[in-house]
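A.B. asks: Position chain E relative to chain B; hints supplied.
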Amino acid sequence: MELRLSKVTKRYAGNAAVDGIDLTFASGKTTALLGPSGCGKSTVLRLLVALVTPDAGEITVDGRALPAHDVEALRRRVGYVIQDGGLFPHLTAAENVTLMARYLRWDPARAAKRLDELARFPADGLARYPNELSGGQVQRVAIMRALLLDPEVLLLDEPLSALDPLVRTELRDDLRAIFRSLGKTVIIVTHDVGEAAHLADVVVLMRAGRVVQQGPFATLASAPADPFVTAFLATGNGGSRPAPETRG
Amino acid sequence: MTGPARAAALALVLAASACRPERDLGRSVVVASKSFTESVILGEMVQILVTETGLPVEHKGQLGGTEVVFRALETGAVDVYPEYTGTLTKEILSKEIAGRPLADVLAAHGLRMTKSLGFDNSYALAMTEARAAALGIRRISDLTAHRDLRFVFSNEVMSRGDGWPGLRAHYALPQEARGMDHDLAYRALASGAADVIDVYTTDAEIRAYGLRVLEDDRRFFTRYDAILLYRADLEARAPAAVAACKHLEGRIDNATMVALNARVKLDRASEVAAASEFLHPGGAPRARERFLSSIAARAVEHTTLVLLSLLAAIALAVPLGIVAARRPRLGRLVVGAAGLLQTIPSLALLVLLIPLVGIGSPPVIAALFLYGLLPIVRNTHAGLVGIPEPLEVSARALGLPARARLRLVELPLALPFIVAGIKTSAVIAVGTATVGALVGAGGFGQPILTGIRLNDFGLILQGAVPAAVMAIALEALLGAVERRVVPRGLRPPG
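Chains B and E supply the protein sequences, listed in that same order.
Residue numbers for the first sequence follow my numbering, so the first one is 4 and each next one is one higher.
Residue numbers for the second sequence follow my numbering, so the first one is 3 and each next one is one higher.
Everything labelled a hint here was simulated from the structure, so no lab data went into it.
Please note that the accuracy of each hint is not assured.
[Claimed, not checked] Going by beta-carbon spacing under 8 Å, a handful of chain E positions derived as facing chain B:
| id | residue |
| --- | --- |
| 1 | P392 |
| 2 | L393 |
| 3 | R398 |
| 4 | A399 |
| 5 | G401 |
| 6 | A406 |
| 7 | P414 |
| 8 | P489 |
| 9 | G491 |
| 10 | L492 |
[As the list claims (entries may be wrong)] Simulated restraints on C-beta separations:
| id | chain 1 | residue 1 | chain 2 | residue 2 | range |
| --- | --- | --- | --- | --- | --- |
| 11 | E | L335 | B | R183 | 51 to 57 Å |
| 12 | E | R328 | B | R131 | 28 to 34 Å |
| 13 | E | L342 | B | R108 | 39 to 45 Å |
| 14 | B | D204 | E | R485 | 46 to 52 Å |
| 15 | B | T63 | E | L342 | 49 to 55 Å |
| 16 | E | E477 | B | A165 | 37 to 43 Å |
| 17 | B | E61 | E | R328 | 48 to 54 Å |
| 18 | E | E477 | B | T63 | 55 to 61 Å |
| 19 | E | R485 | B | G41 | 39 to 45 Å |
| 20 | E | G481 | B | T63 | 52 to 58 Å |
| 21 | B | D177 | E | R328 | 36 to 42 Å |
Ideal Cβ placement from N, Cα and C applies to all residues, glycine included.
Bound conformation, chain B alone (with noise of 0.2 Å):
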């Protein structure tokens, strides 16, 4: 599937969230949307799935502007993960992953032979309540939840953020196996310079609404277009705060 968005603009109460952007997202890469948070990140990947609609400018998949789709059915070929996991707190871990399949009257085999395949997780966890797993779980959780109907284009936000040093290197490896092994295309949106130089295959950097600059990691530090990539860079998210110590 590949995803286009061409002079897109959405604005919030009169501000530019998005302003004017042009990107292009090719099928089987992982791309990470990088920059300070409020510089529009989040917005590109609601756009995506048209949770929100633009205010000028046009998104097409595969070719076709987005209104031309069934907005239900490409949802369902795009799993799509939002901050902080959004799981169904009514749900155990199971009900939630497999929610998709009980709506599409799957027969319980097949739902429970999906689960399976998808467990990255121990299975005594799956029949618990989202209030009783730890975080890197929820994230898992979501993410299985999201890969249900093997979707083409996986989008994830802040997958990493709300989770503790340890848990968060150790899910952030099991990511990147998961995109390689899937071969899908990839949209994770992230502040932290670490996570988007260890997992993606093209990082686009992101200020106020534009793209400062998009390539390989290694073209953005070897090469970068402005001082604010420089910047963001050797801080690793801005200049708000000190790089994470690891980067692998």
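C.D. replies: The following block gives chain E in isolation, referenced to the frame of chain B:
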């Protein structure tokens, strides 16, 4: 039509058809009485006499106040009940009478009346003998000299033209008066909380409490000759019933009526027994209702009122709550309207509903249904609106269409709120259903009403205690349902 709208429409149709008054030509003769002892005794007499003609007959004892019973007669839910000429000329028909004969005015309403039954139950003012003697009060005009006397009058007397407002003007009385149930007023007088109350000239309590009835020296009060008021169509439908009513004409004088009232209020005989003793002196005494079977019957009536109204309220209020959550502007309107309904006093609501749905359980179920809406609508709305935005986004992003989101995510998340709203409505319904006795719906309000009338505390408890137990039990039952249907993930941890 959307799903919730269709469900709401269905609920309305069901409620409407459940509440339609029955009009069946082959039905029994329906006798009613107002909620005071004398009226009930007279009603029992009519029932006995009509039964003896072989016609099927039903007595809706202590159906309600004048307004309720008269309307029930007009709409055909009731065929005959005891009334007083003064009540008709001064209150119910006061605007139409304009010097015309009472019978003509009644005919215009499709009603007729018998001749006087032989007694005049007029209003009078009374004080305790001791207090009246101490202050030297014998006549109403003597009251003007004692402006600190506390007047307590029955609610009817407080508001009607021939009651307190007229009396006050007629005698230029300087005092203020408070309204109270007639039977409670006697207690207030006996306990010293009131100095002057209104009485009826056939009240048993005049003797029992040792009261001095003050002379109406400026002739203010109207005559209240007892008569039986019946529907004109009864003469064609059941002439024998009308003949039975006329059998009572001129047969009961004031002393007899005081004695009959005293049999019930002081000797604790049932109204049926008093009526039967009068009609058949020396006949076999009639048994009172068995205690347990009467509680069981009240419980069935009460439960029916509560459950039917609650189910109807859930059926309409949950869809309304959903609509309210979807459309904020409409939502404010819906929640506001449901709130407005709840501010209508229950008695007023019942009286408003009687012309629409008749008497007995239908108006009570309709009223409880209307009262039950607000807590459920408000909680359904709050439960849905309170769903955190990220969960809403997640549900959309998964590709669930709106209806599936509602079924699989939003309603389950709002469920603890909805169940809490249902619990509130249920408890309100159990308590409010006791007023159903005022319009002939039975239930635990019946012994409470009779107990107040007869000054019988035990009887009041027979209604109040089971009603309280039922409220607690229902809350516990719904709590158990809540634990079953609300998943562990939505309950507070620990």
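A.B. asks: A separate judgement is required for each hint: does it hold in the structure or not?
C.D. replies: Structure-based check of each hint:
Satisfaction of the interface hint for P392(E) is found here, the shortest Cβ-Cβ separation to chain B being roughly 5 Å, below the 8 Å cut-off. Annotation: L393(E) was flagged as interfacial toward chain B, and the flag holds, the nearest CB pair being 6 Å apart, inside 8 Å. The criterion of a C-beta within 8 Å of any C-beta in chain B is met by R398(E), whose closest approach is roughly 6 Å, and the hint holds. With a cut of 8 Å, the hint placing A399(E) at the interface with chain B holds, because the nearest CB-to-CB distance is about 4 Å.
Among the interface hints, the one on G401(E) holds; its C-beta lies about 4 Å from the nearest C-beta in chain B, closer than the 8 Å criterion. Evaluation of the A406(E) hint against chain B yields a held restraint, the C-beta minimum of about 5 Å falling below 8 Å. With 8 Å as the threshold, the beta carbon of P414(E) comes within range of chain B, its nearest partner Cβ sitting at about 5 Å, so the hint holds. With a least beta-carbon distance of about 5 Å to chain B, the hint placing P489(E) at the interface is held under the 8 Å criterion.
Satisfaction of the interface hint for G491(E) is found here, the shortest Cβ-Cβ separation to chain B being roughly 3 Å, below the 8 Å cut-off. Hint on L492(E) holds. Least Cβ distance to chain B is approximately 5 Å, under the 8 Å limit. Between L335(E) and R183(B) the beta carbon distance is about 56 Å. The supplied range of 51 to 57 Å therefore holds. Between R328(E) and R131(B) the Cβ separation comes to about 33 Å, which falls inside the hinted range of 28 to 34 Å.
The supplied range of 39 to 45 Å is met by L342(E) and R108(B), whose beta-carbon atoms lie about 44 Å from each other. Taken as a hint, the range 46 to 52 Å holds for the pair D204(B) and R485(E), whose Cβ atoms sit roughly 51 Å apart. Distance hint check for T63(B) and L342(E): the Cβ-Cβ separation is about 52 Å, which falls inside the suggested range of 49 to 55 Å. Separated by about 40 Å at the C-beta atoms, E477(E) and A165(B) satisfy the suggested range of 37 to 43 Å.
At roughly 30 Å, the beta-carbon separation of E61(B) and R328(E) lies outside the given 48 to 54 Å, and the hint is violated. Our hint of 55 to 61 Å for E477(E) and T63(B) holds, since their Cβ atoms are close to 58 Å apart. For the pair R485(E) and G41(B), the supplied restraint of 39 to 45 Å holds, since their beta-carbon distance comes to about 44 Å. A hinted range of 52 to 58 Å for the beta carbons of G481(E) and T63(B) is consistent with their spacing of about 54 Å.
Remark: the range hint 36 to 42 Å for D177(B) to R328(E) is upheld by a beta-carbon distance near 40 Å.
This entry does not satisfy hint 17, going by the numbered hints stated previously; all others are met.
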